[in-house]
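Using the sequences and the hints, build the whole thing.
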Amino acid sequence: KAGVTQTPRYLIKTRGQQVTLSCSPISGHRSVSWYQQTPGQGLQFLFEYFSETQRNKGNFPGRFSGRQFSNSRSEMNVSTLELGDSALYLCASTEGSFLYNEQFFGPGTRLTVL
Amino acid sequence: AQSVTQLGSHVSVSEGALVLLRCNYSSSVPPYLFWYVQYPNQGLQLLLKYTSAATLVKGINGFEAEFKKSETSFHLTKPSAHMSDAAEYFCAVTPGIGSQGNLIFGKGTKLSVKP
Numbered sequence: 001k002a003g004v005t006q007t008p009r010y011l012i013k014t015r016g017q018q019v020t021l022s023c024s025p026i027s028g029h030r031s032v033s034w035y036q037q038t039p040g041q042g043l044q045f046l047f048e049y050f051s052e053t054q055r056n057k058g059n060f061p062g063r064f065s066g067r068q069f070s071n072s073r074s075e076m077n078v079s080t081l082e083l084g085d086s087a088l089y090l091c092a093s094t095e096g097s098f099l100y101n102e103q104f105f106g107p108g109t110r111l112t113v114l
Numbered sequence: 001a002q003s004v005t006q007l008g009s010h011v012s013v014s015e016g017a018l019v020l021l022r023c024n025y026s027s028s029v030p031p032y033l034f035w036y037v038q039y040p041n042q043g044l045q046l047l048l049k050y051t052s053a054a055t056l057v058k059g060i061n062g063f064e065a066e067f068k069k070s071e072t073s074f075h076l077t078k079p080s081a082h083m084s085d086a087a088e089y090f091c092a093v094t095p096g097i098g099s100q101g102n103l104i105f106g107k108g109t110k111l112s113v114k115p
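Chains as they are written, first to last, in the numbering used here: chain L, 1 to 114; chain F, 1 to 115.
Don't take each hint at face value.
Straight-line distance between alpha carbons at most 20 Å, and here's what the computed DMTMM-like set of lysine to aspartate or glutamate pairs gives [said to hold, decoys possible]:
#	chain 1	residue 1	chain 2	residue 2
1	F	Lys110	F	Asp85
2	F	Lys107	L	Asp85
3	F	Lys110	F	Glu64
4	L	Lys13	L	Glu52
5	F	Lys114	F	Glu88
6	F	Lys58	L	Glu102
Because the hints were derived from the structure by calculation, they are not lab data.
Here it is in structure tokens:
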């Protein structure tokens with residue numbers, strides 16, 4: 001099986017712009033979670049989607065949003081980019097609950113905001 | 001609220017020496033605990049997880065961790081370090097049974113292995 005893929009791998013944007021990141025989960029996985037990783041804050045949970053529904057949400061402003069499509073692919077969008085949004089964004093997929101099934105992570109999208 | 005503290009942002013060991021990475025958690029409910037490893041320019045890989053079964057959990061690549069409720073700890077160990085173990089390691093916690101929850105990660109410990 002192919003692993004979790006994330007596109008693009010690298011992205012440079014300027015303040016005020018918006019960005020959309022894409023995640024394709026492992027075939028058969030219906031849950032997709034998103035995380036932000038920064039040197040200062042570490043790994044922080046953004047949100048989780050399961051069967052096109054947001055099942056869980058972290059403590060991020062409304063500028064961060066996501067969605068999941070019927071084929072389980074997921075996108076996250078960040079509007080009105082700020083310098084502090086520069087980070088590695090990781091996507092992870094699992095068959096059902098990550099409590100009982102392994103959560104597989106993609107390689108991430110590195111976003112730089114200038 | 002749950003939290004995870006990893007003691008030591010950097011740990012350096014010699015090849016063949018014991019690896020000990022420390023993790024302490026705070027949780028008001030019985031937790032599930034995880035250790036992940038991240039190699040440079042890669043995503044995270046699950047090493048092992050504790051889900052209220054055996055307190056000593058064996059994972060991949062020779063790693064194991066012991067859940068100690070009295071010490072609120074879940075330290076990661078490996079008897080003999082290998083050069084390929086050099087990476088960053090993350091401990092994570094989530095509420096256990098009955099909750100989807102989300103993973104709360106520690107700040108990570110970067111492991112260096114000297115030849």
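Hint by hint, here is what the structure shows:
no.: 1; hint: Lys110(F) to Asp85(F); in the structure: 10 Å, holds
no.: 2; hint: Lys107(F) to Asp85(L); in the structure: 18 Å, holds
no.: 3; hint: Lys110(F) to Glu64(F); in the structure: 17 Å, holds
no.: 4; hint: Lys13(L) to Glu52(L); in the structure: 28 Å, violated
no.: 5; hint: Lys114(F) to Glu88(F); in the structure: 15 Å, holds
no.: 6; hint: Lys58(F) to Glu102(L); in the structure: 15 Å, holds
The structure does not agree with numbered hint 4 stated previously, though it agrees with all others.
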